[in-house]
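S.K.: These are the residues of each chain, in order.
Protein chains: 2
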Amino acid sequence: MAVTSNYSIGVDLGGTNLRAAAIDATGHVLGKSSGHTDLQDGRDAVVDDIVTAIRALRDQFGQAELTGVGVAVPGFIDIKNGFIVGSNNLPQFDQFPVRDVISQHLGTPVILENDANAAAMGEKWLGAGRDVDDLVLLTLGTGIGGGIIVHGRIFHGFVGMAGEIGHMTVIPNGNPCGCGSQGCLEKHASATAIAAMARLLQLGDNLTSKQVYELALGEGNHAHKARQIFEAMGTALGIALANLVNVFNAPLYLLSGGPLPAWEFFAPSMFRAVEKRSFTYRNTKTRIEKATLGNEAGLYGAAYLPFFEAGKL
Amino acid sequence: MAVTSNYSIGVDLGGTNLRAAAIDATGHVLGKSSGHTDLQDGRDAVVDDIVTAIRALRDQFGQAELTGVGVAVPGFIDIKNGFIVGSNNLPQFDQFPVRDVISQHLGTPVILENDANAAAMGEKWLGAGRDVDDLVLLTLGTGIGGGIIVHGRIFHGFVGMAGEIGHMTVIPNGNPCGCGSQGCLEKHASATAIAAMARLLQLGDNLTSKQVYELALGEGNHAHKARQIFEAMGTALGIALANLVNVFNAPLYLLSGGPLPAWEFFAPSMFRAVEKRSFTYRNTKTRIEKATLGNEAGLYGAAYLPFFEAGKL
Chain S
-14 MAVTSNYSIG VDLGGTNLRA AAIDATGHVL GKSSGHTDLQ DGRDAVVDDI
36 VTAIRALRDQ FGQAELTGVG VAVPGFIDIK NGFIVGSNNL PQFDQFPVRD
86 VISQHLGTPV ILENDANAAA MGEKWLGAGR DVDDLVLLTL GTGIGGGIIV
136 HGRIFHGFVG MAGEIGHMTV IPNGNPCGCG SQGCLEKHAS ATAIAAMARL
186 LQLGDNLTSK QVYELALGEG NHAHKARQIF EAMGTALGIA LANLVNVFNA
236 PLYLLSGGPL PAWEFFAPSM FRAVEKRSFT YRNTKTRIEK ATLGNEAGLY
286 GAAYLPFFEA GKL
Chain B
-14 MAVTSNYSIG VDLGGTNLRA AAIDATGHVL GKSSGHTDLQ DGRDAVVDDI
36 VTAIRALRDQ FGQAELTGVG VAVPGFIDIK NGFIVGSNNL PQFDQFPVRD
86 VISQHLGTPV ILENDANAAA MGEKWLGAGR DVDDLVLLTL GTGIGGGIIV
136 HGRIFHGFVG MAGEIGHMTV IPNGNPCGCG SQGCLEKHAS ATAIAAMARL
186 LQLGDNLTSK QVYELALGEG NHAHKARQIF EAMGTALGIA LANLVNVFNA
236 PLYLLSGGPL PAWEFFAPSM FRAVEKRSFT YRNTKTRIEK ATLGNEAGLY
286 GAAYLPFFEA GKL
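Residue numbers (the working numbering), protein chains in the order written: chain S, -14 to 298; chain B, -14 to 298.
These are computed hints drawn from the structure, not numbers from a lab. Among the clues, some could well be false.
Pairs involving identical chains hold if they fit within one copy or between any two copies, as the list cannot separate such chains.
[Unchecked claim] Derived pair list, reagent style SDA-like, types lysine to any residue, alpha-carbon separation capped at 25 Å:
#, residue 1, residue 2
1, Lys17, Arg28
2, Lys17, Leu91
3, Lys261, Asp79
4, Lys65, Gly92
5, Lys275, Gly27
6, Lys195, His13
7, Lys261, Ser72
8, Lys275, Val31
All chains, full assembly: derive it from the sequences and hints.
M.R.: Written out as C-alpha cells, the structure is:
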C-alpha cells in the first residue's frame, strides 16, 4: 500500500526494545512496529532486526515516497563517522560503524542520533515543545540523559557530546559516579538513584521508582521515607535545572522518564531549589514541565531528522 | 580625516571607565578614547559622555563610512527594548531606554549588548577564539560574567539572560549570594571572593586579588594561605567549567579578569576538578585557556556587532 505523501522512518534502539515508525511530514503516524532487542544474539542479529523493521515499513508505505531513515540510540554519537561511542547499554556497538552498515543494507541514507537528543527533537516537533524554538529535555531513567534544542535544531557541541546533563555536579561531595566524578545529577535524581535511596532507607532491595512512588502514596513511616527520597531527588534536580536556566535562558525545560508519575512528590522541592538558585527563573516566564510524548518522543524525533535534512521541515 | 574603508564604533561602559574605539571590518583599530565614568553626575551626564565620545570618533573618521555603533554595558539587556535591567554597577540606568536615547542623540542606530557577551564576541573576532565557532568566556571581576558564542554568534536565550554563569551553583551550601541563592560560582571564584577569603584567613581586610597573588608568590605562612585561597577558587571554577563542558561540549573555554595573573596558583586545582568531573573533557581536545584581549575584548566585541548586523562580517 503506497501512500501519496512523503514519509520517513524513525527507529528507537533501546537496551531492551527496538521500535520503528513510519511518519509523514505533518507528524501523522502511518505505521509502527516494535520488538525486543536481543543483544545476546550479537551485534549482527540486532542490525538485522533494525534493517528488517525498516524494510517492512518501507515495503508497506513505498520506496519512492521514503524521505529517509533516522535511528536513535543510547550513547554518544560520533556524528561525523556515524559510530556509537561508549554506550553502557549497547557495548557491542562501541566503535562499530552502525550508520553505514544499516545504510548499506537498505541502500538508503541513515541519520544516527543520540536517544535523548532525538527525544528532545520529538517533543519540539510533536510534543510539549511545539510552541518554542529552544528547550532542554531531561530523561530520567537508569541514568539521566539530556537533549538540547537551540533555534529549533539539536545542539550537538563540537564532537556531539553536548547535553551530558546527567553528569552535571549537583553535590560536589555526593555519590560516586561511574564517569569518575561524584555528585553527578544522575547519581541523585535518576530512577536508579531513587532505588538506591530506597535501599539506604531499608524500604526494599530492588524497588523500582514506581514502587517507591506507590509507597509515598500510602501512610505511615514507609510513606514518610519514600517522600523523603523524592524530596532529595527533587532538590538535586532543582539545582541542575537552576544551572541550566541560568546558562541557557531557554523558555522550556522538560522532564520525562519512569519517575515522572511521582511529580507531586518531587516537584515541590525541585521548584523550591530552582526558585532559590535562579533569579532568571524568578524573573522570567520560564516553564519546567512534564514531557508529553513519553516513550514515543525518541521515535518521533528520529523520524523528524530525515525531513529536516531534506529541507522539508 | 575621513578613511576610505567602513568602520564601526564600539563603546564599553563600565562602572568606572568609559571607553570607545573606531575599528574597521578587519579588526584594525583606527582610533580610541577613554575616560572616567562619573556616575555621580547622573544618568544624563553619562549619556552625554557616551554620545560625545562617539561623536568625536565619528567626526574624525567620517559619517558616511560609519557602519554603526555597538555599546557594551554591565547588567542584563532587555534586547527587544534596548534597556539595561538590574545592573548593580549602573543602577541609574535600570529600565532606562539607553539604546534609543543614544540613538536619537546621534541620529544613527545603536546596538546594546551585555559586556561579557561583547567580550566573548571580541575574543571570537580578534582574540583567543578566532579559530573556533563556539566558545564560553568567563570574566572574573567583582562578580563573574559569562558570554557564550554558538555558531559564531552571541547566544542570548529567550529574554537575553543566557550565560549567567556567575550564578551557577558550585557548592550547594556555600556562601550566600545577593541573587538569593548560595554557593554561586561568583561567591567562590571572583576577585571579590578571593578578597573575602583573604579576610577570612586574616591576610588583610582590603586586599585585591592582585595583592593576594603577590602574597602567594612569597614564602612562609602568608604565602601558604594565599595559595590555599587560589586552590579553593580554582576548585570552584573547575566544577563550573566541568558543568559547562558537559552541557555545551564547546571546543574552547576562556577566562579573563583581575585574578588571571594568579593562573599558576589556581589552574592546577581547576584542571583537577575539570578532569574529575567531565569525561567529555578527558576524552576530547577541549581547551581551557586565558583570554588574550584583556580589557579590550568588550570594546572590540561591541564594535563587531554593527558589522554583523549589517551583514558585513
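S.K.: Is it within, between, both, or neither for Lys275 and Gly27, if the alpha carbons may be no more than 25 Å apart?
M.R.: Result: close neither inside a copy nor across copies, 36 Å intra and 48 Å inter.
S.K.: Between the shortest in-copy and the shortest cross-copy C-alpha distance, which are at most 25 Å for Lys275 and Val31: within, between, both, or neither?
M.R.: neither (32 Å within a copy, 47 Å between copies)
S.K.: With 25 Å as the alpha-carbon cut-off, assign the pair Lys195 and His13 to within, between, both or neither.
M.R.: neither (31 Å within a copy, 63 Å between copies)
S.K.: Go through the copies and call it for Lys65 and Gly92: within, between, both or neither, with a Cα cutoff of 25 Å.
M.R.: within (19 Å within a copy, 49 Å between copies)
S.K.: How do Lys261 and Ser72 come out at 25 Å by Cα distance, when the copy is not named: within, between, both, or neither?
M.R.: So Lys261 and Ser72 pass the 25 Å test across copies only (20 Å; inside, 35 Å).
S.K.: Between the shortest in-copy and the shortest cross-copy C-alpha distance, which are at most 25 Å for Lys261 and Asp79: within, between, both, or neither?
M.R.: between (41 Å within a copy, 23 Å between copies)
S.K.: At most 25 Å between C-alpha atoms: does Lys17 with Arg28 qualify within a copy, between copies, both, or neither?
M.R.: within (23 Å within a copy, 64 Å between copies)
S.K.: Given identical chains, is Lys17 near Leu91, meaning Cα to Cα at most 25 Å, within a copy, between copies, both, or neither?
M.R.: within (18 Å within a copy, 62 Å between copies)
Violated hints, in rising order: 5, 6, 8; the structure is consistent with all others.
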